[in-house]
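Position chain B against the provided structure of chain E, taking the given hints into account.
2 protein chains.
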Amino acid sequence: MRTVFWEDNQLKMIDQRILPSRFEIVSFKDHKSVARAIKDMVVRGAPAIGAAAAFGLALAAYESVATSSRELLEDLQTASNTLKAARPTAVNLVWALDRAMGATKTKEERSADELRQLILDEAQCIADEDVEINKRMAEHGAALINDGDTVIHHCNTGALATVDWGTALGVIRTAHEQGKRIHVLVDETRPRLQGARLTAWELDQYGIPYEIISDNMSGYFLKAGKAQKVLFGADRVAANGDVANKIGTYMLSLAAYDNGVPAYSVVPTSTVDLSLEHGGLIPIEERDPEEVLGIQFHGERVAPIEAEARNIAFDITPHRLITGIVTENGVVYPPFEVNLRKAVLRK
Amino acid sequence: MRTVFWEDNQLKMIDQRILPSRFEIVSFKDHKSVARAIKDMVVRGAPAIGAAAAFGLALAAYESVATSSRELLEDLQTASNTLKAARPTAVNLVWALDRAMGATKTKEERSADELRQLILDEAQCIADEDVEINKRMAEHGAALINDGDTVIHHCNTGALATVDWGTALGVIRTAHEQGKRIHVLVDETRPRLQGARLTAWELDQYGIPYEIISDNMSGYFLKAGKAQKVLFGADRVAANGDVANKIGTYMLSLAAYDNGVPAYSVVPTSTVDLSLEHGGLIPIEERDPEEVLGIQFHGERVAPIEAEARNIAFDITPHRLITGIVTENGVVYPPFEVNLRKAVLRK
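Protein chains in written order, with the working numbering: chain E, 1263 to 1609; chain B, 1263 to 1609.
Just chain E, same shape as in the assembly (with noise of 0.2 Å):
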């Protein structure tokens, strides 16, 4: 089963909050509740926001009463900057906006409904290319894998967080599908848990051996020599190859780093962002404090009531601590400035 796929002219997606307590299919009929739905996080993970964000638009063009083609694309623009706006770190989100905004401008004139479907058939086609292109990435990364390798992995990159097999996770799991027995310590990634609930659920499902370790302890099994490998995902990589991913990625790495463990980041080319010289430029999300706040131990809330936080989402891992970035196209090595191109321009 796919994480987000269209069914009965309805985006249908895993409502994530939830896992692993209930596996719920939710159903969206209008591309504001799919901008909702990624701002919550129902849906979450930089290629499934992408697919999400298409679908919603397609959403958007059937919501539109337009009967001209003009009109139907003055909606699509406005719908497309509702989606955009709903989360601003994952460049997959803006990436198949404008893709699927593109299917529109055709040589010959289209009407309205030709190009709802236009957008429908782009919407579809870049989730079934997710598909693919995961599993050409799992394929390159698989092979940087040991037989008996322990790896550390930060957040949820598997098919959760795709539209189905995973970046960084689809790696283990098709490492494991090749016969190496791999052993995995999950990041239970705070604030919001995404390692603890979403990845141990994906590892139970693929019967992959893990422990859940709380995420200041990876340095601890890095230093001690208990782990071989570094593998995670990304939102956004910049040109030069600095890396844009769930908070707690850079000190994980530096960690890897100072120990010499290699720590690889997992990526379709569609996450990499050509346009930003580095990675200071990756404009990073800032979340509700409830999120930090909020968890309970015991049954008991953990903060005091009157406690203040803050919820910063992500962070930015400078090239320098990165060994590899796993790309459909192959894994691209330093100078990711002139290497990371290569491989986004390479079709």
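To be clear, the hints were calculated from the coordinates, so they are not data collected in a lab. It is possible that some hints are incorrect.
Heads up, the list lumps identical chains together, so a pair's fine if it works in one copy or across two of them.
[Stated by the list, open to error] Lysine to aspartate or glutamate pairs mimicking EDC-like chemistry, simulated, CA-CA at most 20 Å apart:
| # | residue 1 | residue 2 |
| --- | --- | --- |
| 1 | Lys1346 | Asp1466 |
| 2 | Lys1369 | Glu1269 |
| 3 | Lys1367 | Glu1547 |
| 4 | Lys1488 | Glu1547 |
| 5 | Lys1488 | Glu1570 |
| 6 | Lys1488 | Glu1548 |
| 7 | Lys1346 | Asp1360 |
Structure of chain B alone, referenced to chain E:
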């Protein structure tokens, strides 16, 4: 009010497991319950554990039905071993028990009852000295803090981690009382959340402004130039300046170092273990995985029910990442191998 104190022939302690939801004092009449309370973290923080254990030994002295001093010393030795076994990493536990036992080694022969009183007096002396030592440390440390500093603080090192006043948090408290404007970024400190629960609660009492962050966010603030100092305590410091402290200290120190932000460990000299050449020789406690797995979000358990976890309680921060070690005898700078010994032996 002290965190650990003797009253009505009992050891009384603030129950730190239930703060900040409830404030309760628990009483102990026998040394085995004290050992259990240390293990269960009713009391935690290296100096507080030391004082609690010394009072625990006093309880053991009064529990013993021995009439001869020889029999009593045998009972005390057994009790000391039980207390020492409660937690392995903090050296103050061993230090305080050895010091209390040392008080029985007098020139003249003493009766069993005289020895009982000597042990209790020594425990009281350890507790009183702890407060005085903390205030001296705090004075030395406060000189390092500038008006307007944002300080990242890990775990809890305040009045609750000591008999009173605190080590690293004591420094912040003294700087605040000196009129310096300080903002504290409080690492929540997974898995037991001593930062979000205890440090936040203490800062509320003192009126010092703070924001809670998840541990993996500190790298972001350091890289963004939004924190000027990093402060933490220690559970044991090796002769070369390697610091065993709450899990996450290594990654935090690494991020401070990577961004040129000074990181200080604030410890009484009783936390320095000159018998261990380097940090690799310090025993590291691993605790119940349920401390990692058992948190809830929106009232639901976070991790899959069958998930496994690791729960490493401490890590070693290599001395190369430590700017200075603040003790009651002044701030110690590299080379720690030479200067730490001097500071410890200076009385």
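Status of the hints after comparison with the structure:
In this homomeric assembly, lysine 1346 and aspartate 1466 never come within 20 Å of each other (Cα to Cα): the closest approach is 33 Å inside a single copy and 39 Å across copies. Proximity of lysine 1369 and glutamate 1269 under a CA criterion of 20 Å is satisfied in neither setting, with 30 Å inside one chain copy and 89 Å between copies. Taking identical chains as interchangeable, the C-alpha atoms of lysine 1367 and glutamate 1547 are never at most 20 Å apart, the minima being 32 Å within one chain and 63 Å between chains. In this homomeric assembly, lysine 1488 and glutamate 1547 come within 20 Å of each other (Cα to Cα) only across copies, at 16 Å, whereas the closest approach inside a single copy is 33 Å.
With identical chains, the CA atoms of lysine 1488 and glutamate 1570 are at most 20 Å apart between copies only, with a shortest distance of 17 Å across copies and 36 Å within one. For a Cα distance limit of 20 Å, the shortest separation of lysine 1488 from glutamate 1548 across copies, 15 Å, qualifies, whereas the shortest one inside one copy, 33 Å, does not. In this assembly of identical chains, lysine 1346 and aspartate 1360 lie within 20 Å of each other by CA distance solely inside one copy; the values are 10 Å within and 64 Å between copies.
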